[in-house]
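J.: Guided by the hints, dock chain B onto chain A, whose structure is given.
Number of protein chains: 2
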Amino acid sequence: MYKTKITKLLNIKYPIIEGGMIWAGGESLAIAVSENGGLGTIAGASCLSPKDLISKVNYLKSNTNKPFAVNIPMIYPHADMLAEVCLNYKVPVVITSAGNPKKYTQTFKKSGIKVLHVVANEKFAIKSEEAGVDAIIAEGVEAGGHNGQDELTTFVMLPNIVKKVTIPIVIAGGIATGEQILASFALGASGVQLGTIFAASKESDSHINYKNAVINSKDNSTTLTGRRLAPVRALKNDFSQKILSWEYSDLSNENILKNIGHGGSYKAIIEGDIINGTPLAGQSSALINELLSVNEIFDNLKNEFNRAVNKLQLLNS
Amino acid sequence: MYKTKITKLLNIKYPIIEGGMIWAGGESLAIAVSENGGLGTIAGASCLSPKDLISKVNYLKSNTNKPFAVNIPMIYPHADMLAEVCLNYKVPVVITSAGNPKKYTQTFKKSGIKVLHVVANEKFAIKSEEAGVDAIIAEGVEAGGHNGQDELTTFVMLPNIVKKVTIPIVIAGGIATGEQILASFALGASGVQLGTIFAASKESDSHINYKNAVINSKDNSTTLTGRRLAPVRALKNDFSQKILSWEYSDLSNENILKNIGHGGSYKAIIEGDIINGTPLAGQSSALINELLSVNEIFDNLKNEFNRAVNKLQLLNS
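Going line by line, the protein sequences match chains A and B.
The opening position of the first sequence corresponds to residue 1 in my numbering, with each subsequent residue numbered one higher.
The opening position of the second sequence corresponds to residue 1 in my numbering, with each subsequent residue numbered one higher.
Just chain A, same shape as in the assembly (with noise of 0.2 Å):
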């Protein structure tokens, strides 16, 4: 697969980084990942207590002497706390999401880390580069779990914003083949963010019933919830359809909140609860139909990304 500036910056052999996923996100994933050749990401909104990010980075430096990452989603009331443990014991590289760039990046990079900035849309992309991040990750609506408001996909947010931005741009969303990875470069990315197809590999934390509901769905299986609010992708199940009557209705967002309660994704992907919690997912679901290691992922995608550079070049023969 193509060495790019995303290569280059996290000095790693393919540009393939894992999403940063709630639960699903621990360090046996992420070290699988790092080891294969891509940028394995600790998921910090699992990571509740300082002690539970420390031990994770422990694990991953001793097991592994490649770069990985640990993402810090803004969102999260313990946003803070992670990114104090992410400058002391110096991880390699953070990717911030679901919030302002400017907030950390500066400090980070002080400290000689890393910064990539999760956007889903143009606004927050030249914001993030006049912060001073390192490269953005642009994440088109199908990817799974929290989604931006303006619902724009992948295929056509990445043209977009390559001509927004002069910063390497890392495409995320609905991307689970070497195929789309080819396609990405086509589109001007310098890299692909894969969630989903890791989520459901045999070294995620996820439930077993969790990653077969991803491996069994088809193409309409995912939904998004959450579009009064903030809005989340997940597989259509009873409480997903719950969850969208009461937002066609005329309750009110506080009651739709309290409705909807908390601890739906471990619920359903550490619980393997995939009727009643939220089986977060992408529509890449519909593209994973097996369950395979970290490794055999990375195999089939060099492999389609081949087959893919070939047909290609026949096309225009």
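Honestly, the hints are just simulated from the structure, not real lab data.
Quick reminder that beta carbons are idealized off the backbone N, C-alpha and C, glycines included.
There could be a bad hint or two in this list.
Part of the chain B face toward chain A, derived, beta carbon under 10 Å [claimed, not checked]: (1) GLY148; (2) VAL162; (3) LEU224.
Label pairs and their calculated CB-CB ranges [stated by the list, open to error]: (4) B:HIS262 <-> A:LYS202: 50 to 56 Å; (5) B:LYS202 <-> A:LEU314: 34 to 40 Å; (6) B:PRO77 <-> A:ASP250: 31 to 37 Å; (7) B:GLU254 <-> A:LYS3: 55 to 61 Å; (8) A:LYS311 <-> B:LYS311: 17 to 23 Å.
T.: The following block gives chain B in isolation, referenced to the frame of chain A:
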């Protein structure tokens, strides 16, 4: 630009199809697209009498000797009338949409008419192949106008459908640049369908207010209404905000439909009332920044495509 199964099937120079666009897609635009080497399409939705369509077909036949298409959206009550004219006047290509591909396909094919059917998920892609269509047009949720219920994006739908059917696939939804055409080929498409960029071109029948609204729009300027009924993507305005507020309430679908009324797209696209009408447009609006002729659009697409091919080869070296 590459020769593909679609250029061969349709006997056109470039694998670029004009989407069927109510009000915007008249005879001047279709002639310009076909004369520039693509496949121009008369929007059947705007032809309310046989005379309307017959005069357009005759006008095309006397002004270009290149192939062209008629789009028949099967949800409209005048679909049978359109089909009869297409048969009697032996149009080269029919593009059916929003209905069952079994209804007309074999009748057209027996008359030597090529049939393409528009789909928005895997299920209808497979049904279309079974019905014997020559190719499918897979349209993602970024597209302007009527959308499928599943809200699948172009970037995920295409690599999924490629594995499920053997007939050629044209990809649609969000496309307005040559880089996206190359990316579509990388994902396995044999052609692309473009809508909004042609609807906002010099040769389009649309009002200048509509063209300017598309040209001046940003990445977050479109919205999807009608999720409870029949999804439609258009530029955000006062009217779309009203529709959304009705949807997120306990109004019945019948009352929402009554409130929406008829003629919104005519008001916006022909009369130029882009505030109170429905200016149908796709997310590709973000990528359209100038009032151009169809000839200039084709030049841009070819240049962008070739630049993207060269950039990809540089990455590979």
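J.: Are the hints correct? Go through all of them and say.
T.: Hint check:
{"no.": "1", "hint": "GLY148", "result": "holds (9 Å)"}
{"no.": "2", "hint": "VAL162", "result": "holds (8 Å)"}
{"no.": "3", "hint": "LEU224", "result": "holds (7 Å)"}
{"no.": "4", "hint": "B:HIS262 <-> A:LYS202: 50 to 56 Å", "result": "holds (55 Å)"}
{"no.": "5", "hint": "B:LYS202 <-> A:LEU314: 34 to 40 Å", "result": "holds (36 Å)"}
{"no.": "6", "hint": "B:PRO77 <-> A:ASP250: 31 to 37 Å", "result": "holds (34 Å)"}
{"no.": "7", "hint": "B:GLU254 <-> A:LYS3: 55 to 61 Å", "result": "holds (59 Å)"}
{"no.": "8", "hint": "A:LYS311 <-> B:LYS311: 17 to 23 Å", "result": "holds (18 Å)"}
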